[in-house]
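Trainee: Given next are the chains, with one letter for each unit.
Number of protein chains: 2
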Amino acid sequence: MNVIALDAMGGDNAPFEIVKGAVESLKNNKSDITILLVGIENKIEAELAKYTYDKTRMKVVGASEVIGTDEVPTVAIKNKKDSSIVVGLTLVKEGKAKAFVSAGNTGALLTGATVIVGRIKGIERPALGTLIPNKKGFYFLMDAGANVDCKPSYLVQFAKMGAIYVENMQNIKNPRVGIVNIGVEREKGNALTKEAHELLAQQTNIHFVGNVEARDLPSDVADVIVCDGFVGNVILKYTEGFGTAILSLVKEELMSSTLSKIGALLASKAFKNIKRRFDYSDVGGAPFLGLKSLVVKAHGSAKARDIVGAINQCSLFIESDIINKIQND
Amino acid sequence: MNVIALDAMGGDNAPFEIVKGAVESLKNNKSDITILLVGIENKIEAELAKYTYDKTRMKVVGASEVIGTDEVPTVAIKNKKDSSIVVGLTLVKEGKAKAFVSAGNTGALLTGATVIVGRIKGIERPALGTLIPNKKGFYFLMDAGANVDCKPSYLVQFAKMGAIYVENMQNIKNPRVGIVNIGVEREKGNALTKEAHELLAQQTNIHFVGNVEARDLPSDVADVIVCDGFVGNVILKYTEGFGTAILSLVKEELMSSTLSKIGALLASKAFKNIKRRFDYSDVGGAPFLGLKSLVVKAHGSAKARDIVGAINQCSLFIESDIINKIQND
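Those sequence lines, one after another, are chains A and B. Going by the numbering used here, the first sequence opens with residue 1, and the numbers climb by one from there. Going by the numbering used here, the second sequence opens with residue 1, and the numbers climb by one from there.
There may be inaccurate statements among the hints.
Said to hold, decoys possible - Label pairs and their calculated CB-CB ranges:
{"id": "1", "chain 1": "B", "residue 1": "LEU265", "chain 2": "A", "residue 2": "LYS136", "range": "46 to 56 Å"}
{"id": "2", "chain 1": "B", "residue 1": "ARG305", "chain 2": "A", "residue 2": "ASN328", "range": "56 to 66 Å"}
{"id": "3", "chain 1": "B", "residue 1": "LEU259", "chain 2": "A", "residue 2": "LYS135", "range": "45 to 55 Å"}
{"id": "4", "chain 1": "A", "residue 1": "GLU187", "chain 2": "B", "residue 2": "LEU199", "range": "52 to 62 Å"}
{"id": "5", "chain 1": "B", "residue 1": "LEU259", "chain 2": "A", "residue 2": "ASP329", "range": "43 to 53 Å"}
{"id": "6", "chain 1": "A", "residue 1": "GLU252", "chain 2": "B", "residue 2": "ARG305", "range": "45 to 55 Å"}
{"id": "7", "chain 1": "B", "residue 1": "SER248", "chain 2": "A", "residue 2": "THR204", "range": "35 to 45 Å"}
Everything labelled a hint here was simulated from the structure, so no lab data went into it. Note that this is a predicted model, so its numbers are computed, not measured. Heads up, the beta-carbon is just placed ideally off N, CA and C, and yes, glycines get one too.
Taking the hints into account, I'd like the entire structure generated from these sequences.
Mentor: Pasting the structure below:
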């Protein structure tokens, strides 16, 4: 029985969408999971009362505090011991749950996870992995923002953890690993990427394909792409912001004349397909890899469907025994 | 009389489009400019023979060698003393031209410019500025790739030079200056951006608006946005690659059914407008700021219209006396 703890209070749509996602998850999930809903009990119970579900597989674990999105992570983790994030992470630490999912304060979740759940022995820095859409599907970006100042050796570990994750979760054998750089030539880069490139090229257990220029990120040149968390955060957020900007520009232009409005109407199915291509919901959240158990960051705007995706992701992660594979790598 | 040197051999479409651009520039340019076409004489003369133009304002300066796009910059600059890039930069150094435009090897141009033209006294590192499209128009990104490892003080100089450039070239009074960061809060960032933020906040002669998250880059939050050259290169190239990928995805989807094809036809003017919004041609090339004279990097795929844009940019730059303004800042 895989027990998954879920922060019922995290994100813009908590607790409504989170609890709804948990209920849907139990209905759909083929594997044998139990969900621990962590948060303010009466609020969670009020939501649960709206549904019928298997009560033996859904428990509420009380946590009287909530960490807000604007709180300073280190301070919040230290002061709010009875927050849903701290209580959820503690369930994982104590072995009462095998994974924790939260759509709450990212910094607090990452800080808390490192302190409470702890790193796998030998892992210098856990990293946040995230799937970014490309022309073919997605690539896995490590690190998307957990470590803004990195040493070259961190990037090698990001590459190895990323490859194990993608191989097991996306079922890609011997995934291609690239490093974000300013040119494709080996000697290109800043101090970090030049040294990281050399170290990556020496690894025998990953399929390193070399430097990836940012212009080629959308072209399916690698399955795992490593970079420091500052650059990764820029890529992640720019993908979101620039993608939204272009699509809103297209919409604005299409609405500017009657002819183009009719055109847009006729092409509406095509536009829906494009939107679907950028839809993350089914793939779950961003795993924080390198910890002794799985911690998943769901998007702050997560809805029920995203929560279902994240729970499925946890199930597959646990069944694939990824923690042990990282540990023994 | 403003003399502008132009690398006739640089870029994918040299010398044809470069020479064509030079001829068109003389026709259109209202100000009193003379162009020095630098490169292999018989090739340039053969192109020039196709046009009628004011021969008193167009001269050919011989340079027997060409630096290829794949050559290692430092080696090429050292060994190819009679290359169009080295000869063109030397014309600027010797005061025979006030600016140099090249669509050739970026690394060679930047390395050569720093060595041959030289830095303005007090400028620690010259930086490559580039206009990136946002929802309203463009913002000026400094540094787009010249300095991949930066100190905080460099970013302050990038900010000042960028503000002077935008104020004079784009006619924006008191331009807003932001810094690329992983969060809007002052304390966010890596070691570089945290310290650079503090230094920028202390400046009295720039209008510093604080951190800019990558998701807000397209939202017209600042006129000048500074970052190290590694991050800037990622933003520049990702803008190109991701923009192209989305538009090709839209095209692909629209071509997938008869109905959407008709839709696309009806909306074709709207799509043309979108393309125009992302068109850089009129704004010229990327200025390399912080040198004793102006050096402009035109896009490798530059066509005649881009060259006209770059020449106009040089005229305005010279007339605005930007070098002196940077020097006296």
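Trainee: Now, for every hint given, state plainly whether the structure supports it.
Mentor: Against the structure, the hints:
no., hint, in the structure
1, LEU265(B) x LYS136(A): 46 to 56 Å, "28 Å, violated"
2, ARG305(B) x ASN328(A): 56 to 66 Å, "59 Å, holds"
3, LEU259(B) x LYS135(A): 45 to 55 Å, "24 Å, violated"
4, GLU187(A) x LEU199(B): 52 to 62 Å, "31 Å, violated"
5, LEU259(B) x ASP329(A): 43 to 53 Å, "51 Å, holds"
6, GLU252(A) x ARG305(B): 45 to 55 Å, "26 Å, violated"
7, SER248(B) x THR204(A): 35 to 45 Å, "37 Å, holds"
In terms of the numbered hints stated before, the structure departs from hints 1, 3, 4 and 6, listed from lowest to highest.
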